[in-house]
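Peer 1: Top to bottom, those sequences are chains A and B. If you read the first sequence in our numbering, its first letter stands for residue 1, the second for the next number, and so on. If you read the second sequence in our numbering, its first letter stands for residue 1, the second for the next number, and so on.
Do not take every clue at face value.
Calculated pairs, DSSO-like style, for lysine-lysine (alpha carbon to alpha carbon, straight line, at most 27 Å) [unchecked claim]: (1) A/615 to B/746; (2) A/95 to B/474; (3) B/477 to B/464.
Quick caveat, the hints were computed from the structure, so don't treat them as lab data.
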Amino acid sequence: MGLSAAALLWGLPGLLLTIALHPALSPCPAQASVPAHRDYCVLGAGPAGLQMAYFLQRAGRDYAVFERAPGPGSFFTRYPRHGKLISINKRYTGKANAEFNLRHDWNSLLSHDPRLLFRHYSNAYFPDAGDMVRYLGDFADRLGLHVLYNTTIAHVTLNKDQRAWNGHYFILTDQKGQAYQCSVLLVATGLSVPNQVDFPGSEYVDGYESMSVDPKDFVGQNVLILGRGNSAFETAENILGVTNFIHMLSRSRVRLSWATHYVGDLRAINNGLLDTYQLKSLDGLLESDLTDLAIVKDHEGKFHVTLKFFLEEGNRSADAVPLPQDDNDNFALRVAYDRVIRCLGWNFDFSIFSKSLRLSAGGELSKKYPLVKASYESKGSRGLFVLGTASHSVDYRKSAGGFIHGFRYTVRAVHRLLEQRHHGVTWPSTEHPITQLASAIIRRVNEASGLYQMFSVLADVVLLEENATAFEYLEEFPMQALAQLETITGRRARHGLFVINMEYGRNFSGPDKDVFFHDRSVGHTEDAWLSNFLHPVIYYYRHLPTEQEVRFRPAGWPLPRPTAIHHIVEDFLTDWTAPVGHILPLRRFLENCLDTDLRSFYAESCFLFALTRQKLPPFCQQGYLRTQGLVGTESLRQHGVESGLLRDYATVGRGDSGQQPGDRRPGQHPLAPGPPVSPFDSNKEEL
Amino acid sequence: MQPQLMMSSSFSVLRVGISFVMMCIFYMSAVDSLPELSPQKFFSTLQPGKATLAYFCQADFPSTSVFLEELNEADKPLQDYGISVTKVNCVTKETSRYCGSEKNLMKAYLFRGHILLREFPTDTLFNVDAIVAHVLFALLFNEVKYITTLGDLQNTENALKGKANIAFSYVRAIGTPEHRAVMEAAFVYGTTYQFVLTTEIALLQSIGTEDIEYAHLYFFHCKPVLDLTQQCRRTLMEQSLTTLNIHRFIKTMEAPLLTEVAEDPQQVSTVHLQLGLPLVFIVSQQATYEADRTTAEWVAWRLLGKAGVLLLLRDSLEVDFPKNANVVFKRAEEGVPVEFLVLSNIDLIVSRVESNMHIEEMHEDEDNDIEGPDMDIQDDEVAETVYRDRKRQLPLELTVELTEETFNATVTASDSIVLFYAGWQAVSMAFLQSYIDVAIKLKGTSTMLLTRVNCADWSHVCAKQNVTEFPVVKMYKEGENPVSYAGMLGTEDLLKFIQLNRISCPVNITSVQEAEEYLSGKLHKDLVSYSSVSVLGLFSPTMTTAKEEFTEAGNYLKGCVITGIYSEEDVLTLSNKYAVTLPALLLARHKEGKIESISLANVHAQEIVQIITNASLEIFPEITVENLPTYLRLQKPLLILFSDGSINPQHKKAILMLLKEKHLDSLTPCWLNLKNTPVGRGILQAYFDTLPPLPLLAVVNLHSGGQVFAFPSDQAITERNLLLWLKKLEAGLESHIKILPAQKWKPPLPAYDFLSMMDATTSQHPTRKVPECIKETDVKENDKEQPEDKSAIRNEPTGTLRTKHWNRSNWFEEAKKQFRHDNKEL
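Only chain B is shown next, with the shape it has when bound in the complex (with noise of 0.2 Å):
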């Protein structure tokens, strides 16, 4: 920390030394590479006062490479804050203590004069960015006072109460481009403001920011706050931190609040105009000047770093402009004519302002020579994939199409899966395949009767469906209510939902033998394989309730799981034999041959239908794309195996182990297959950028943080380092390899704004092709049409003169004479 203190005090001289050396800069920057020096050569040029940031190596080892270029490259940005860099040789018999040992050899300091400031470890200056922000950090400590808490910003604030005012900005981490530009302009806005820099995302949110993903930064008015109790008004920058736009922004804030003019708009001038800035004028008479001041000032602060706001005194300016205009509006862009507008609040004139922000950016777009994004081009997959496919003929006539006609009675005929959809809709459409392809599958096997049925031809069919949303499957069984399906709309999901429902459950079963059978599978043999469990109740023929209470939930989960019922009078045998006390349920696994039981005392079908749920999830599932959501509903952060094919089964014994031992409790652990799930490898791509070598074991904390931890590859996935790995990352000791993005879904492109796009018509004058300019016209002419109609005739002073216009030729040149007139209103 020593030279940190002496640094502070002789900075200004820095400061003061600038100029000199810019002037070095040209002879400097003509220099190709660094300079190389030797220790002592380096020593010796090292002048008073000037900061210099030497690399210290022994040879041009191919690992320091990468960080020479960059460093190479953060040469020019150093120099033009006077700061030289110098590259310094250790291999000529000359040694310093900088030179160091193997291990840091890595090192570059930072010395002002011969004092050293600052030692960094080459990986923190990993690119020309980190480089020029740790160095003007370490440089402005004063100037810049970083903290971490709210208390800290408080301390400060009251502290600069009536005194300056303070930059405030919040960077994700040090070294971020963000970082830098924040530097760049407390380098030169040091001396003026107060900067301060955190890197705590919970401090940003505590002062009620929402979008914490990216880095902010805030101007706190303290300067005119005379009272300590009041808080320093704050002002959030809402462009992305560049060195360019908190430039921009600081010089706005510095820009006075409000001027009053009383010349044309179209003359005057602020700094706004010269920032790319629009000026919005508020236009005042003498009458209303206090009420109009209080307005623009109030304007003025919703505005501040986004335009300059003028209050326009109208009385004395000798400028002719409408009447009702109460607000004009000039754009940055020369040459553009100044708008004259009605706006009758604060919101509007803000808009205003923001969508005219909007299409600069657009615009600015442009000029890049990046090609503004082409709104008309889908960008929607599955609209886009249907409509690609809509040439394709589907063998439609698998299913049976039905009309309002025939809806009722094919439904009440037999029994019959009814899909809802419309013809326009792309989901649907998509889902209309699938659909097909389980029409293929089940042709001439099935019992059920497939239907579809075009809501957009069939309206009053659907809504009586109470279908008002699509795509819908409905399966209708005689004597039943109509059942929605609640799968996912793919072939897979829904076959095995129509295969479940040709047994109606739960299963009543009537012997102990035959519920032996249930639970060994053999009962329903071909049905097993579509349902991971099949669930026993059983109960004595007494238990009435909880009997219902089983149905209701086996009803419930219809398609999903086999449900039976056994309630025999020697169902005690069975509870006997699997040890449990009645009412209860018997759930056998078949994959595992495993029967578990479960008591059900007193439990109300939606938790048995929770239970149930619950105990058909595997305890290490191979994850899908279909079964995900089912195991994200628990809540907890996910252990994945990636597996370029099946998985090793040293690996699956190993992680079953730690299940076995609880210690997989926080966690659900599961496996990917890349040969079943290719787009995991998209995953992978995203958590480390390049494809790593497989087996790879993650944990991905998808619920709270989005951190995601990968174990080291270079250890063996055995139970006991996994252990210790998992006790480490449990512990805070682990660093994540990657947080995963928390943006919000916006639009992905902006839409046509036809207000402005109409507005404009009606600010500015005929210009414009024909059909805008009779848009005004009409409204006249309607407005004029009554009273024009009646002064015709009673108006005109004698009955010679009237009777001119019953002449027919006449009529129609007052006709011609009168749409003349309408026109020339324009």
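Looking at chain A on its own, in the form it has when it is part of the complex (with noise of 0.2 Å):
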């Protein structure tokens, strides 16, 4: 009862007395049983379910965040256990904009307020998770964000209902048995049933859930970590001081996210052990599959490992159990270990979702997330959308969709999706003259955070008006779902597109991968193709792709193969605005895409075409002949005249050659349209 009033309140604030009112004028129990509704539900107040309230919110939506913790980012409280977060606070850049300093802020949510960003928070580098837990606090109170705390969701089923928006509502149930009816239900819970893995003596494996966090428990010990991610190696890193050893065992090699450029490998500031290793220093990684094993205890309460097989043969006595190596006198787990510890990650708590939500899990790569849709939405029920590190299958080991810095963006444009879909608010856009198309381009790859952060995930798309004069541009849109642009945006693409992503070179990933080898960059424009390090690739299409062209792709591409590809070449400083070796060669790529001549024109040169020519280039049409024209100054006409493109007409008298501004001089190039001026233009008309 008292949840559907203060339901009611944020609706309608100026209510607020008769709102008081209400329940104690209507004291009847009954009422519990009615579900309190809401447009939209998000479950999980963590860092992806308040971004979503965040623009719910700004959209003004009829919406609920449900956490079942007292406060938000409660995964935080407890995660990482030894505190640092390894997602980097970058506070200084040398920038100002904005937009380009959160290409390197990978703990802020995306708000309109400065204040709530997280370098006010910390002035660490790797920052403590406590510092993210006021964040995040301090985010949900100064934006106000409608957050039921304390309210865990135990069960989530479907009601079918003709008048509901997607054909049926989602029915949450909390602790309480109080029930909430929402048409679109907006999942953000994240992974949280640690991993474990089935093996005889599992039971005496120590979970990182619940091991001890104290160097002092593991001095003079044989130790054993099972897993090779980052809570692995944060787990070694800690007591890698005070033990005898440290033995890394997992299913394959370990993956660094520096030859991965993913950032859910593992990161150099937790790769100590890999330097003691290799430094002779008696820690060590093994590979091996973890259901294969078994752990058995011996009298003294040590731990030897050996294989479930022979388990599977024997009798099951701790001290008679055959060991590997009884056969094989080298064998490398041959120790006996003080203790094990099992870091092993998290999965997606299905359990909550009735089996008619059709929630299933994801592919062999990311069986730990549910399925869903490049448009993040469940491909078992409509209208239910997973958001933040549980929507990860779409970009797993690729991008940054499964952390903040990746899914604030990713969220966002659920939201966008959401808004067309069930307002008819259709996807933002800007419209330019063909004119500004490189600058529109060469400022987004610049600047924007969401395509760099998201690179391959969400790209931007230009959508060409009728005879390509004029363009809209569509920021961060879910690429995979680019066949169905259309239904998605609200917008129309019928005179063809580009989208613009950004990528790593095709060869330059990978766990193995040297990416420090000799010529690894690039600097030759027409070499940009084979550009290594994250770079700007714009794709054009003179059709919108169908869903097929896009399933079926050639391997390795992040789209279907284009009608022309473009690469801007890569950059040491991430800076693409160099004018020959980056704006040129984008606008020579445009110009041959849309048959046009993009060029730049002094007024002067547009008042020569404008009586000399019956058409003109696009810049003077969409400026000069709407008094919009580039006048110059007198010094850059002098440096025109220096350079061959402009001529000083001053000077041209009688007697000169009378060379024609569009006749080509050794060394310059012609300022007259593209092809050859045709040898008509000097005939007699007369014959």
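Hey, can you piece these two chains together into the complex? The hints should help.
Peer 2: Next comes the structure, spelled out in structure tokens:
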């Protein structure tokens, strides 16, 4: 009851008095079974849930966030166990551009309030998890987000209803039995269930979630850590100095994030053990499938590693179990361990979702995540979206969608989709004349943080208008959903489009790549397509690709084969504003796609064209002819004459050979339209 | 017409005669100049059936020597067609009717045997191309049908359906190099195909051609058409009209549309390869033969004239090639291996061929020793000049740089102009220089604060001000909405905008005396030079709607025109004085000291803006770079008087008189001072090639047709002469000196074709650079990674073996092996 009153309060603050009276006047417990309705229900007040709440709030939507803990970001009150975040808090970039600076801010959520930037919350480059909790608390409070704390949603079901936006309502039931009816369900519960591998002896293993973080407890011990992710290495790092040695066992080889360019792989800040392993300091790494393992405890309470295979054969009495070293006396793990620790990551909690939601686990590579479409909508039920860490199946091991600095943008994309789907608000865009196309692209590739963080997942889209005289610019569209662009954005793509993406070189990212190889960087514009470091790539399509084309795109391509493609050459400073190195080749690419001339001209040149040609280049048409020509100054004109691109007409005299502006001098390029001037121009027309 | 009829009957004889004539060529061409004969001698040498072009002249007139040079040059090509060229000297005593009088001295005559076929005034034979084209045109009268209407074309088409194919060409004029190329082709192929020629653009347009500026040749496939209601299929020749290209094109039209082969594509050769065109093999299998054949035919039609298309029957083929390849591409160059491709649709095949043609053309350029255009050289004049100027220190301190923190405080504290620019964007950096110039000019005099925001740094500030492109200038005044500047991006116009915005328009005038001062320009003495007119709205105090409309218009015109409003009780004093009924506008032209009045009953703000804008145009302006766009909006042909320095008062008077008598209503008369607008020389050069004597009058029809007409330079620019000339012009009796080119603005240079570079690495194997071949490994490795990991343990049969992996050294070995294994898969 109290809840429904509170909910109404948000909707109609003006009716405060009425609402306050309401519970007193109608004290009927029967109403508790009538579900309170919300257009949008967000599960979880972690970073993703709060981020979505922010967008819903700004758009004035009817929503509620459900959080089982008494405050936001409860994950960070316990994890990482050693308290240090490995997402960087880069407070200085030497640039004032706030959008650019978000490229190097991995902790802030998106908001209009500059005070809500994480750099105001911590000075540490790798900040403390407690600061994140404080930050998220402030984010929720300052922005007045509607979060129901201490509300554990225990069960979610589907209720078919013709009137519902999606043909069904989501019915959420909390721990007290209170039900909520939601038109759209946004699941931002993260990954909350520790991943446990079942093998004989797994009961002897300490879990990351409950192990001791006090190094004193490990003094002089032999430690075996299962797992090879950041939590495993972080654990090792903590006790490296006090143990006899640490062995680390995992199914596959360690993946170094600086080789894979994936922030979820092992970060350099945690890789101390790699150093001591390779410098022969007794620590070491091994690979094996954990499901084949068995751990047996001997009479001294020490742990021995053996194979499940052996256990099945023989009897199970602890000291009599055959060990691998019985056959193979140099078996690597023949030593006895004092402790075995499990650091195997987390899984999504599927348990609260009823079967009717058809929320299933992702593919082979991402079983721990629920299966979603490129638009983050569940494949099983319309209107159910997965946000935040749990939505990482879309770009697992590729981009940053499982982390704050990535999913803050994908959440925004989902919100834009919802605004179009349910409220007729088309995807935000700006419209420009075609002469601004190169500038619009250059601006975004140099500052856009969403493109940079969510490379190859979110891409900007340029929709051309008829005859390509103007274009619409859409930001950060989920590129795998390109075929559905018209329905998702509510905008038309009938006359061709460009997709602006950021990519690493195709051969540059992988667990065993040498990313420091000689000649790894490309400097020449004609080799731009071989660029290795993150760089902008622009795809041109005459027609919107179909779903089939997107699905069956060539291997290794983020998009189907385009009509033409352009790579802006990689840049050491990620500053793609060089006039000749970056902008000129881009302009040539755009010109050739659109079959037009996109150069800019001074008013004087436009004046000459206006009186000597029937057609004008777009820059003159859209600027000069609308009395917005670029006049220029004397010193610029002088440079123009020196470069041979402009003529000094004052010196054009009688007896001059009469060079046409279209003529080509050696080392000079024509001002005139592309195709060589037809010989007809010089012919007498009377004939 | 009589001689031509006869020619046609004897024409086949001429063809037979060619071989004989060819034998003479060696002898003839060894002679440097034309044979010079007397008339009598000449007529005696004429052989029956043989064509001769003869030029009759009195002496080596200086004026005719250019023609003789051209004729001399045409001798050789004409002889190739069995036509001899002779110069007949009339100086000797003998006379002939062909020698004629002074007037027709300038003529050349074409004979077949003794029969005169045609006479040509020498100015139609202005160069070699014209000579060859005209002579062949006359000889091939029947083979080449000249038509002017679509009806003619349809009749020809209908007549030939089921019988013969047509080569239809459009050339811009008779005597052009393209015309010659068509005639030369007709000489060879004229008996096989019906050649049809037109010079009518309208005809070309009516068959749906877009780029009508160029010559075109279409091949109409009429022979296979049996149903008369059906249209003949058309193939457009896409290369330029040269003899060689036409030959190549017609050869490909003759070749079979689709050939079936069952041999190694590497060994196959057709006429296409000899012509330098690639071959496209569509791979077919027994099971899908019918469908493949249909596809192949479809492709063949699309590629007709561009490539040969063959159907490759795979089943009976012994050569081994990639299983999934469905298209094989063979370049014309020898020694280039064939490419096996997987292309999912016909468009891809076509674009593959077309992009390849592009490359071929570029290669040709290189062969011709013309260095290929360097795509890395800046050809954008604004970008280049800004770049060259980058090291100059601008006195930026004269303007205030705003930031996210200071923006709002600054623009609310004082009236400000803000330039939004981006440091990396050339156009806005060029304009920044003009902006700084304005700051220099206004230094210490203006109450307006000049500020700037670099949107590359403060993108949020710019976004909040709705600035998404650069450069943008906005004016922020207390209590008013920001106004965007929409004038020329230059010092003068921006200065004018800032100055005129010192007063808040429309100015409220409070007394009749003040109104008079306003109209005389005394009230805003320092500003009238910036506004060509001052506008005063007169309203009686009760006309609230009309006043609102006017105020809105005044607001809109802020910064362009000075506007004022008067609506006191004694407003009738003014309306009576200027004889208008209220509401009304008074328009004071300060330069001319004139005051006009316009009634404003029921006129909306938009229309008021229009009225004022039109009124501020001059009737005979000096045209400049800055004001041309305003006059072009009138959409009338321009009558421009080009003058080197200020205008001759007599000329001005003449034009003003014509204006007054309404003879120039269909034109926009203006004059151009080459001293103020030196680019005018560039314009004259484009019209006349060399700079003509000035002053000079021209009519430029920019909006329809692009013709340029020049007033005869030998006539004085007087009212009478001008009027006569304009009348003739209107009646279509004057011929233009030039048609302005109507070419579209295409990309100045090609772009890097990264897509084909990427294709090249995937279709060809390791010979390339290292990083490229790693590319392929990468894909496989990623795919393989998971299964590989699992198999490492699971598939091993016994525990003993398995444990070996766990040995440290073994583990390294194993990893190495695995890596090698991946490499082998390459």
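Peer 1: Each hint: holds or not?
Peer 2: Hints, verified against the model:
no.	hint	in the structure
1	A/615 to B/746	holds, 11 Å
2	A/95 to B/474	holds, 25 Å
3	B/477 to B/464	holds, 17 Å
Checked against the numbered hints above, the structure violates none of them.
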